[in-house]
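Residue numbers (the working numbering), protein chains in the order written: chain G, 1 to 205; chain C, 1 to 140.
One or more hints might be untrue.
Straight-line Cα separation of at most 27 Å, DSSO-like style, residue types lysine-lysine; simulated pairs [as the list claims (entries may be wrong)]:
no.	chain 1	residue 1	chain 2	residue 2
1	C	K75	G	K46
2	G	K171	C	K119
3	G	K175	C	K52
4	G	K171	C	K63
5	G	K87	G	K157
6	C	K79	C	K63
7	C	K52	G	K188
8	G	K171	C	K75
9	C	K37	G	K171
10	G	K188	G	K164
11	G	K171	C	K113
12	C	K119	C	K29
13	C	K79	G	K188
These are computed hints drawn from the structure, not numbers from a lab.
Predicted model, so just to flag it, every value in this text is computed and none were measured.
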Amino acid sequence: MKKNGFTLIELLVTIILFSLLLATSLYSFRFLSINIRNINNTNPTKVINYALLRGAISSVYAYVQSSNIIKSVDESFYYYFVGESNKCRFITISPIFFDEIAIGEIRLVDNKLIYREGKIFDKEIDYSNLDTIILNKGFTIIDNISDIKILYYLNNKEYLNINKDIPNLIKIKFKQRKKEREYLFHIKSYNRDQLDMIKTQFKEF
Amino acid sequence: MKKGFTVIEILISMMILFIAIGFVNISIKAFNNYQRKSTVYQNFYITALSLKDWISTEKLDKKVYTGKMNGLLYKIKVKKIISKNNYRYSFDTVGGNDGDFLITLNQINLQLKDKNREKSYTFFLTTQKRVVPLIDLESI
Chain G
1 MKKNGFTLIE LLVTIILFSL LLATSLYSFR FLSINIRNIN NTNPTKVINY ALLRGAISSV
61 YAYVQSSNII KSVDESFYYY FVGESNKCRF ITISPIFFDE IAIGEIRLVD NKLIYREGKI
121 FDKEIDYSNL DTIILNKGFT IIDNISDIKI LYYLNNKEYL NINKDIPNLI KIKFKQRKKE
181 REYLFHIKSY NRDQLDMIKT QFKEF
Chain C
1 MKKGFTVIEI LISMMILFIA IGFVNISIKA FNNYQRKSTV YQNFYITALS LKDWISTEKL
61 DKKVYTGKMN GLLYKIKVKK IISKNNYRYS FDTVGGNDGD FLITLNQINL QLKDKNREKS
121 YTFFLTTQKR VVPLIDLESI
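Construct the entire structure; sequences and hints are all you get.
Here it is, written out as structure tokens:
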């Protein structure tokens, strides 16, 4: 009688070979997909976010504020800028979400560096107190980061905190996947002479 | 009557399957490689802009600046092109400040290096230095 089909041994050998091949290909595919996921997680929007943020920070406006209690002309008027090691708040004339002048903030929230923005001039906003403005729009600049520190430079001196004055340079230091990274932003400070002009006017008055 | 597939049929179908798997694998690898390259270039781009921002705040008193940033080695060469005493718009003097500032145009060459790649960028930067001291009008 003529033999039909395969023997058991032939089938077993085929199954073993096929499963070995499948296991190796699945393993390498899994490794590859993890690699792709890691790259995708951090990068596609990284440059866009960086460029948007750079535009907003480089256009920081020298916004003059006055304190409620007038002590002396020099002490009462100052530029609005809040610079801390985990937070930075400034006025920009090149906002990302609004047309005109707006208030921007970089802040660290749960291993994420986020940027938020709020409108300054509005019917409902008391713009004499800029700290109370609600920052209702924003995006994540970078995620999965640790050991973040924001440093400020004014006339080539390094500061951990800076208040009521605008620095020349902001440095954001952080660690991403155990690698140290640095983002630097130069502030051009439009209308830098505004404070001197206001002080001179008040002194003459 | 013949039942099932012949060895040749199975071999051909397996060959087609493996060719398809091979193509998918190659395209995934190419995509992965493209993504890795784009990550490297993004790092170059961000580092170059960061260094440009940093050098804009420097006095440019050195000819060469070297260092390491974001895993890349950098070398910045400063070449002075022209210096002139000029007018700068300012509120600090009433009658203008013609010639009070020495304004210099510099050509900056920025080189970034990694294990496999090297990139070079050139841009221009002006620096200004007050050469005539500011007169305090209140003391006169």
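Hint-by-hint comparison with the structure:
1. Of the supplied pair hints, the one linking C:K75 and G:K46 holds, its CA atoms being roughly 24 Å apart against a limit of 27 Å.
2. Distance restraint check for G:K171 and C:K119: the Cα-Cα separation of roughly 23 Å lies within the 27 Å cut-off, and the hinted pair is therefore satisfied.
3. Taken as a hint, the G:K175 and C:K52 pair is honoured in the structure, with Cα atoms around 22 Å apart against an allowance of 27 Å.
4. Straight-line distance between C-alpha atoms of G:K171 and C:K63 comes to about 23 Å, which keeps the hinted pair within the 27 Å bound.
5. Under the criterion of a C-alpha separation no larger than 27 Å, the hint pairing G:K87 with G:K157 is consistent with the structure, at around 19 Å.
6. With a CA separation close to 7 Å, the supplied pair C:K79 and C:K63 stays within the 27 Å bound.
7. A threshold of 27 Å between alpha carbons decides the hint, and for C:K52 with G:K188 the separation of about 13 Å falls inside it, so the pair holds.
8. Between G:K171 and C:K75 the alpha-carbon distance is near 19 Å, which keeps this suggested pair within the 27 Å criterion.
9. Among the hinted pairs, C:K37 with G:K171 is consistent with the structure: their alpha-carbon atoms are about 26 Å apart, no more than 27 Å.
10. For the given pair, G:K188 sits about 16 Å from G:K164 by alpha-carbon distance, which is consistent with the 27 Å threshold.
11. The suggested pairing of G:K171 with C:K113 holds, with an alpha-carbon distance near 21 Å, which does not exceed 27 Å.
12. Proximity of C:K119 to C:K29 is assessed by CA-CA distance (about 25 Å); at most 27 Å being required, the pair is judged to hold.
13. About 22 Å separates the Cα atoms of C:K79 and G:K188, which keeps this hinted pair within 27 Å; it holds.
Taken one by one, the earlier hints all hold for this structure without exception.
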